[in-house]
Amino acid sequence: MERQNNLSVKIFSRVFSFFVFLFLYAPIVVVILFSFNVSKRNIVFEGFTLKWYGEMLNNSALLNSFYNSLIVAAVSTTIAVIVGTLAAIAMHRYKFKGKGIIDALMYVPIVIPEIVLGISLLSSFALANVPLGNITLIIAHTTFSMPFVVFTVKARLSGFDRSLEEAAMDLGANRIKVLLGITIPIITPGIISGAALAFTLSIDDFVVSFFTTGASSVTFPLKIMEFVRSGIRPDVYALSSIIMLATFIVVIASQVAAYRKSKE
Amino acid sequence: MEKEPEPSGTNSVIEIKNVDKFYGDNHIVKNLTLSIREREFLSILGPSGCGKTTLLRMLAGFEHHTKGEILINGESIDDKEPFKRNINTVFQNYALFPHMTIYSNIAYGLKMKRVKKDEIEKRVIEVLAMVRLEGFENRYPSQLSGGQKQRVAIARAIVNNPQVLLLDEPLGALDMKLRKQMQIELKRLQRKLGITFVYVTHDQEEALTMSDRIAVMNRGVLEQCAPPSDIYEKPGTKFIADFIGESNLFESVVEDGSDSTDGNAHLFSEGGTLLGKLEQFEENELLYVCVRPEKTLYSLASVDGFSLCGIVRENIYLGNVIKTIVVLTNGQEVKINLSPGQVPPAIETVLYIYWNVKDCVMVRTISHRIFTELEKVKLNEYGEVMEAEPINKEEVKSQEAP
Ligand SMILES: Nc1ncnc2c1ncn2[C@@H]1O[C@H](COP(=O)(O)OP(=O)(O)OP(=O)(O)O)[C@@H](O)[C@H]1O
Ligand SMILES: [Mg+2]
Numbered sequence: 001m002e003r004q005n006n007l008s009v010k011i012f013s014r015v016f017s018f019f020v021f022l023f024l025y026a027p028i029v030v031v032i033l034f035s036f037n038v039s040k041r042n043i044v045f046e047g048f049t050l051k052w053y054g055e056m057l058n059n060s061a062l063l064n065s066f067y068n069s070l071i072v073a074a075v076s077t078t079i080a081v082i083v084g085t086l087a088a089i090a091m092h093r094y095k096f097k098g099k100g101i102i103d104a105l106m107y108v109p110i111v112i113p114e115i116v117l118g119i120s121l122l123s124s125f126a127l128a129n130v131p132l133g134n135i136t137l138i139i140a141h142t143t144f145s146m147p148f149v150v151f152t153v154k155a156r157l158s159g160f161d162r163s164l165e166e167a168a169m170d171l172g173a174n175r176i177k178v179l180l181g182i183t184i185p186i187i188t189p190g191i192i193s194g195a196a197l198a199f200t201l202s203i204d205d206f207v208v209s210f211f212t213t214g215a216s217s218v219t220f221p222l223k224i225m226e227f228v229r230s231g232i233r234p235d236v237y238a239l240s241s242i243i244m245l246a247t248f249i250v251v252i253a254s255q256v257a258a259y260r261k262s263k264e
Numbered sequence: 001m002e003k004e005p006e007p008s009g010t011n012s013v014i015e016i017k018n019v020d021k022f023y024g025d026n027h028i029v030k031n032l033t034l035s036i037r038e039r040e041f042l043s044i045l046g047p048s049g050c051g052k053t054t055l056l057r058m059l060a061g062f063e064h065h066t067k068g069e070i071l072i073n074g075e076s077i078d079d080k081e082p083f084k085r086n087i088n089t090v091f092q093n094y095a096l097f098p099h100m101t102i103y104s105n106i107a108y109g110l111k112m113k114r115v116k117k118d119e120i121e122k123r124v125i126e127v128l129a130m131v132r133l134e135g136f137e138n139r140y141p142s143q144l145s146g147g148q149k150q151r152v153a154i155a156r157a158i159v160n161n162p163q164v165l166l167l168d169e170p171l172g173a174l175d176m177k178l179r180k181q182m183q184i185e186l187k188r189l190q191r192k193l194g195i196t197f198v199y200v201t202h203d204q205e206e207a208l209t210m211s212d213r214i215a216v217m218n219r220g221v222l223e224q225c226a227p228p229s230d231i232y233e234k235p236g237t238k239f240i241a242d243f244i245g246e247s248n249l250f251e252s253v254v255e256d257g258s259d260s261t262d263g264n265a266h267l268f269s270e271g272g273t274l275l276g277k278l279e280q281f282e283e284n285e286l287l288y289v290c291v292r293p294e295k296t297l298y299s300l301a302s303v304d305g306f307s308l309c310g311i312v313r314e315n316i317y318l319g320n321v322i323k324t325i326v327v328l329t330n331g332q333e334v335k336i337n338l339s340p341g342q343v344p345p346a347i348e349t350v351l352y353i354y355w356n357v358k359d360c361v362m363v364r365t366i367s368h369r370i371f372t373e374l375e376k377v378k379l380n381e382y383g384e385v386m387e388a389e390p391i392n393k394e395e396v397k398s399q400e401a402p
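These protein sequence lines map, in sequence, to chains A and B.
Each residue of the first sequence is one higher than the one before, counting from 1 in the numbering used here.
Each residue of the second sequence is one higher than the one before, counting from 1 in the numbering used here.
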């Protein structure tokens, strides 16, 4: 009886996880599959080809938008990581008036609907008379990704032993040296995962970018949206497949790096 | 062969003068005055929460005292940041840098002082040998045992050749055997290097065996600072008599102080009359006669001046001593230590407790002393203090504010 029960639980959990994975990965597999499809209309698979990968390399609008996305993501991630890390350290260390409120306010960009964030950023830029373009895109992306850096770094700091900083100071290190030589290296795993989050959020953001960019700068998700209107072509699938592969590699690498760091 | 132990000097390195420390409204260290001497091994002993760590942190520079003065080599430390003091600390939890090898951990202080690379290497190797950790250079702290981490923490501090080394319960996390071994090694190192050690512990045995002097703290007050033998044999307060070693304490009042004929003080306690040392007594003063169990005697007939009658409750064999517990008529338990050769009195024997007057110590409580002082304070007709000044917290607070 017992054993039978166990067996049915086992079978059920296998089947269940199979469907979960199917649900998660089937669309991705479809995209990769159709990037090799001979036919332009992606309804049936008519044969294997690499020509869309070649075509993709000639589609300069698509490539440029991707290139622009990379720049925006890199710059906004860098700013978010620097400011977010320092903010997290300050918020962890010092007690000041209104600290609780600032802590709570940090959640706002995370929980607020993206469309509201996009509209409010747009109206702020309009009010301040900032022309829409890459600058506004970068500011917007920094806004929504910085809280994530703050949270991952703060989580790491909560396990950080303050006496390490005191020990360093005791040995003659001034505050800057303590920060650069002791605090930052120890919280690096938190910074790495924060940066990875910020970068991926920026790369695939559509809603906020839609509101905060001008004609001069187009990001990859925006460009794809444009194509969709006129019917998707397999060269978009090709680039998507490459991005997916790259993301996969980056995620694995950052996980391994964070794991190694935390084991030290 | 090791160098002759250098005697601890008489010049003071650190002067703590009337220091008070408040955390908010909590008075943590109270009017503490202490001078720490060159090359001495000073232990700070006291129960948990009495302010030992706080005192040490003020010396290291991690906390600021609220009131009073701390001098290092005659200079005020008020605006000396921790990294500008020639003092190093061994932390209770070691605080080794987890992302650095043992070598880099130990070299850190020298690197901060911009010592040349080959000089650093020479000194790190030397100090590693001193703490017997040769060959551990490339390991990380997580790959060491507790005792080894402990020694790295000590090496990291002494490699800087500080004038004063502060140690906060450095052996707290070690097992008994390792602890004993490390005690010996620490003492050996201290003599060899001639560094002043300020050593916080709440293990009295450790303090008694290692120190040149012991400072006993209780609730933020420094009760006494003296060599171990004095602390044990001439405890200055009731708290110390109770805290250090075992003792029998008899709460008593003076029966006749001034006109004693036999040179002893005749005292009253709840359990009966007893004799103590003749001193300056205040009228109706409450004091405690302290007698160590090994100096406590008994007889079957009453002894002149004593009427402490009791009944034997228990004899406990502890190998090197036999402990006899006697209950007095007022319920107080008296401990008597007998050497193994002696035959202990049978249980339920009725007997009388006494001692040689030279073996007892008369102690008072600190608060009692304060009350006696307060009685001397004269008030004017408006009830204001005319001479002495009691501690004024308002004043302390106003100094704290920038
Ligand atoms: N940062 C702080 N803020 C407020 N109170 C504190 C702070 N640090 C310590 N205290 C209080 O000061 C008192 C003395 O603490 P301290 O750490 O000096 O004790 P200790 O003698 O070292 O005790 P232990 O033997 O347990 O280590 C305690 O009552 C503690 O609660
Ligand atoms: Mg402590």
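Hints listed in this document are in silico derivations from the structure and should not be mistaken for laboratory results.
Among the clues, some could well be false.
As the list claims (entries may be wrong) - In silico negatives: residues of chain B with every beta carbon more than 12 Å from chain A:
no., residue
1, Phe91
2, Tyr94
3, Ala107
4, Ala153
5, Asp168
6, Asp203
7, Asn320
Said to hold, decoys possible - 30 Å max Cα-Cα, derived BS3-like pairs, lysine-lysine:
no., chain 1, residue 1, chain 2, residue 2
8, B, Lys17, B, Lys187
9, A, Lys97, B, Lys80
10, B, Lys192, B, Lys180
11, B, Lys117, A, Lys95
12, B, Lys30, A, Lys95
13, B, Lys177, A, Lys177
14, B, Lys67, B, Lys111
15, B, Lys84, A, Lys95
16, B, Lys187, B, Lys277
17, A, Lys177, B, Lys180
18, B, Lys122, A, Lys97
19, A, Lys177, B, Lys358
20, B, Lys80, B, Lys180
21, B, Lys30, B, Lys17
22, A, Lys177, B, Lys122
Note that the structure is predicted; figures quoted are calculated from it, not measured.
Glycine included, every Cβ here is placed at the ideal spot set by N, Cα and C.
Verification of the supplied hints:
Annotated as non-interface, Phe91 of chain B brings its C-beta within 12 Å of a C-beta of chain A; the closest such distance is 5 Å. Distance check on Tyr94 of chain B: its Cβ comes as close as 9 Å (rounded) to a Cβ of chain A, failing to clear the 12 Å threshold; non-interface status is violated. For Ala107 of chain B, the shortest C-beta to C-beta distance to chain A comes to about 10 Å, within the 12 Å cut-off, and the non-interface label is violated. Listed as a non-interface residue, Ala153 of chain B fails to keep its Cβ farther than 12 Å from every Cβ of chain A; the least gap is roughly 9 Å.
Distance check on Asp168 of chain B: its Cβ comes as close as 10 Å (rounded) to a Cβ of chain A, failing to clear the 12 Å threshold; non-interface status is violated. Chain A leaves Asp203 of chain B outside its interface by the beta-carbon criterion, the shortest separation being 21 Å against a cut-off of 12 Å. Once the 12 Å rule is applied to beta carbons, Asn320 of chain B is consistent with being away from chain A; the minimum gap is 41 Å. At most 30 Å may separate the alpha-carbon atoms for a hinted pair to count; Lys17 of chain B and Lys187 of chain B meet this at roughly 28 Å.
Annotation: proposed proximity of Lys97 of chain A to Lys80 of chain B holds, straight-line Cα distance about 28 Å (limit 30 Å). As the CA atoms of Lys192 of chain B and Lys180 of chain B are separated by approximately 19 Å, the hinted pair is consistent with the 30 Å bound. The suggested pairing of Lys117 of chain B with Lys95 of chain A is violated, with an alpha-carbon distance near 40 Å, which exceeds 30 Å. This hinted pair checks out: Lys30 of chain B and Lys95 of chain A have alpha carbons roughly 26 Å apart, not beyond 30 Å.
Using a Cα cut-off of 30 Å, the hinted pair Lys177 of chain B and Lys177 of chain A is violated, with the two alpha carbons roughly 39 Å apart. Taking the CA atoms of Lys67 of chain B and Lys111 of chain B, the gap is about 35 Å. The hint is violated against a cut of 30 Å. For the hint pairing Lys84 of chain B with Lys95 of chain A, the CA-to-CA distance comes to about 26 Å; that is within 30 Å, so the pair holds. A C-alpha spacing of about 37 Å is found between Lys187 of chain B and Lys277 of chain B, which places the hinted pair above 30 Å, so the restraint is violated.
Taking the CA atoms of Lys177 of chain A and Lys180 of chain B, the gap is near 37 Å; set against the 30 Å cutoff, the hint is violated. About 50 Å separates the Cα atoms of Lys122 of chain B and Lys97 of chain A, which puts this hinted pair outside 30 Å; it is violated. In summary, the hint linking Lys177 of chain A to Lys358 of chain B is not supported, as the alpha carbons are separated by about 60 Å, beyond the 30 Å threshold. For the proposed pair Lys80 of chain B and Lys180 of chain B, the alpha carbon gap of about 36 Å is over 30 Å, so the pair is violated.
Taken as a hint, the Lys30 of chain B and Lys17 of chain B pair is honoured in the structure, with Cα atoms around 11 Å apart against an allowance of 30 Å. Restraint check for Lys177 of chain A and Lys122 of chain B: the C-alpha separation of about 24 Å stays at or below 30 Å, so the hint holds.
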